[in-house]
Amino acid sequence: MRVPFKLPHVFAISIGVALPLSAQWLDVKTKHVPLTKEGKPNLTAPAPKLPGGKPNLSGVWNSVKAPCEETFTGKAFGCIDSPDGIPIGFIDVTATSAEEVEKGAKDGLPYQPAAAAFIKQRTSGNDDTVHCLPMSPVRQWPSFHPQKIVQTDEALIILDEYMAQYRQIFLDGRALPKDPFPYFKGYSVGHWDGDTLVVDTVGLKEGLWLDGKGDTVSEEARLTERIRRQNYGNLEVQITVNDPKTYTRPWTVTRHMQIALDTELIPYVCNENEKSSQHMVSK
Amino acid sequence: MNIRTFVVIAAVGLPIATLGQWIQCPTPGVPRKTDGTPDLAGLTPRLADGKPDLSGIWRAARQLPCDPEASRFIPCGIGIGGSPQALNFGVDMPSGLPYQPWAAELVKQRTADGLDRRSTCAMFAR
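From first to last, the protein sequence lines are chains A and B.
So the first sequence is numbered by our numbering: it starts at 11 and just counts up by one.
So the second sequence is numbered by our numbering: it starts at 563 and just counts up by one.
These are computed hints drawn from the structure, not numbers from a lab.
Each hint should be verified, as a subset may be incorrect.
Below, a list of computed lysine to aspartate or glutamate pairs in the DMTMM-like style, where the Cα atoms sit at most 25 angstroms apart [unchecked claim]:
#1 Lys41/A <-> Asp601/B
#2 Lys613/B <-> Asp163/A
#3 Lys158/A <-> Asp182/A
#4 Lys285/A <-> Asp272/A
Pulled out of the complex, with its shape left as it was, chain A reads as follows:
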């Protein structure tokens, strides 16, 4: 089931892009960057390891974006608001290329009939991000904004420039909470499977937006993310959504992240002096 692309998505996109262009501490160099013979960052060098031998996922990461000029949005409205491109998976969670950024993959998601009807009546004016609400883990990876991973033995902490949000993935062996109070990020625990961090998440808020189309999950959803630093400069996140109440079968998407060097986060608070939402149309 596919939902036609609606123009107001453009407004939701424009909300998210103001501050990355003015990132701070641009003159602070990232330490321990492997270099090529020419002295340039070697992004295909082996992934760094912690003293205990586990992969070190720490760093500032950007989602892989489709060139704006190649997208429907760019061709229709220009690229002033998104010069760095549009994250693949932000508008449609099934997208895997620039051609699919807005329309998504051909087959779409395997919705249960009731869920499909629910999604069909959703309008982008109700998008969580339009109202400056937090993003789900599924949508956080393909964000417009950089994210900083801080890894310790006990937890992986993801700091998100968007709304200065954080997400904690506990690595201390605790069990997932039973009947947790639903939250945008859910509750996450992780363990290592070789060099891959496997993250299980429950307690997601029912109806939250996985993308700009309004794709969603129920409170019964369980996410499994397999996070692997392929090399120094690239991070792969495979996300599996298992939610029988909403979908007829589990489905998986893969998001790609690239290291951002010599920069830092600067919080983007979307409701600071926010005057856009009153002008947004709902359909």
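Chain A is fixed; fit chain B onto it per the hints.
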């Protein structure tokens, strides 16, 4: 800040604080007294390199007493009364903060209006 504004702000902050999960998850490595209770005056923990370990979940040591009116929304005893300094950073200074005249006027107006950045879900300073 008037009490109504405070109550609104406090209520805004309530849901996650009271319904946060893993509240039964014991903190590892807590120094204990002989009776088994946490020894908060125990030695500061150190990292492997000898530096003090500041990790942990922290809250302002000085909390507002539970307000009877506010407790209509926030039950007393759950410990989220907030810090007096959060309401007035200069509360402990005999003459308040040493503002320039323009800044004093701005604060006076804000106080009169009951405006607070948290009431519009914006960030606040450290």
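These are the hints, each one checked on the structure:
no., hint, in the structure
1, Lys41/A <-> Asp601/B, "violated (39 angstroms)"
2, Lys613/B <-> Asp163/A, "holds (17 angstroms)"
3, Lys158/A <-> Asp182/A, "holds (20 angstroms)"
4, Lys285/A <-> Asp272/A, "violated (33 angstroms)"
Violation of the numbered hints given earlier is confined to hints 1, 4; the remaining hints are satisfied by the structure.
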